[in-house]
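*Asks:* From just these sequences and the hints, can you work out the full model?
In our numbering, the protein residues as written are 163 to 230.
Simulated from the structure, these hints should not be mistaken for lab results.
Please note that a few of the clues may not be correct.
Derived pair list, reagent style EDC-like, types lysine to aspartate or glutamate, alpha-carbon separation capped at 20 Å [to be verified]:
| no. | residue 1 | residue 2 |
| --- | --- | --- |
| 1 | Lys175 | Glu195 |
| 2 | Lys173 | Glu187 |
| 3 | Lys175 | Asp185 |
| 4 | Lys170 | Asp185 |
| 5 | Lys175 | Glu164 |
| 6 | Lys214 | Glu195 |
| 7 | Lys173 | Glu195 |
| 8 | Lys170 | Glu192 |
| 9 | Lys188 | Asp217 |
| 10 | Lys170 | Glu181 |
| 11 | Lys170 | Glu195 |
| 12 | Lys175 | Glu187 |
| 13 | Lys173 | Asp217 |
| 14 | Lys170 | Glu187 |
| 15 | Lys188 | Glu212 |
| 16 | Lys188 | Asp216 |
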Amino acid sequence: MELLIYAKDGKIKAISFDEAWGDSEKLLAEGWEHTHTINPATFLQFIHNECKNDDALFYIQSLGFKDF
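*Replies:* In structure tokens, the structure reads:
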């Protein structure tokens, strides 16, 4: 599953490809810009294994991952 990332005014929306299928034109009309398409599993794996920022790791672990 891929997530489409939209940005506007310093905020982001991450929505599934299926959700974007019906909402993409509406989001663009409201000023949201499609900035990225990501694979969430690859993204979380990269941040967890490569990120040296303790805050980022704390937030990922707070999603329910066990402490490693």
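*Asks:* For every hint, state whether the structure bears it out.
*Replies:* Status of the hints after comparison with the structure:
no.: 1; hint: Lys175 <-> Glu195; verdict: holds, 10 Å
no.: 2; hint: Lys173 <-> Glu187; verdict: holds, 18 Å
no.: 3; hint: Lys175 <-> Asp185; verdict: holds, 12 Å
no.: 4; hint: Lys170 <-> Asp185; verdict: holds, 15 Å
no.: 5; hint: Lys175 <-> Glu164; verdict: holds, 13 Å
no.: 6; hint: Lys214 <-> Glu195; verdict: violated, 29 Å
no.: 7; hint: Lys173 <-> Glu195; verdict: holds, 11 Å
no.: 8; hint: Lys170 <-> Glu192; verdict: holds, 9 Å
no.: 9; hint: Lys188 <-> Asp217; verdict: violated, 34 Å
no.: 10; hint: Lys170 <-> Glu181; verdict: holds, 18 Å
no.: 11; hint: Lys170 <-> Glu195; verdict: holds, 7 Å
no.: 12; hint: Lys175 <-> Glu187; verdict: holds, 14 Å
no.: 13; hint: Lys173 <-> Asp217; verdict: holds, 19 Å
no.: 14; hint: Lys170 <-> Glu187; verdict: holds, 15 Å
no.: 15; hint: Lys188 <-> Glu212; verdict: violated, 36 Å
no.: 16; hint: Lys188 <-> Asp216; verdict: violated, 37 Å
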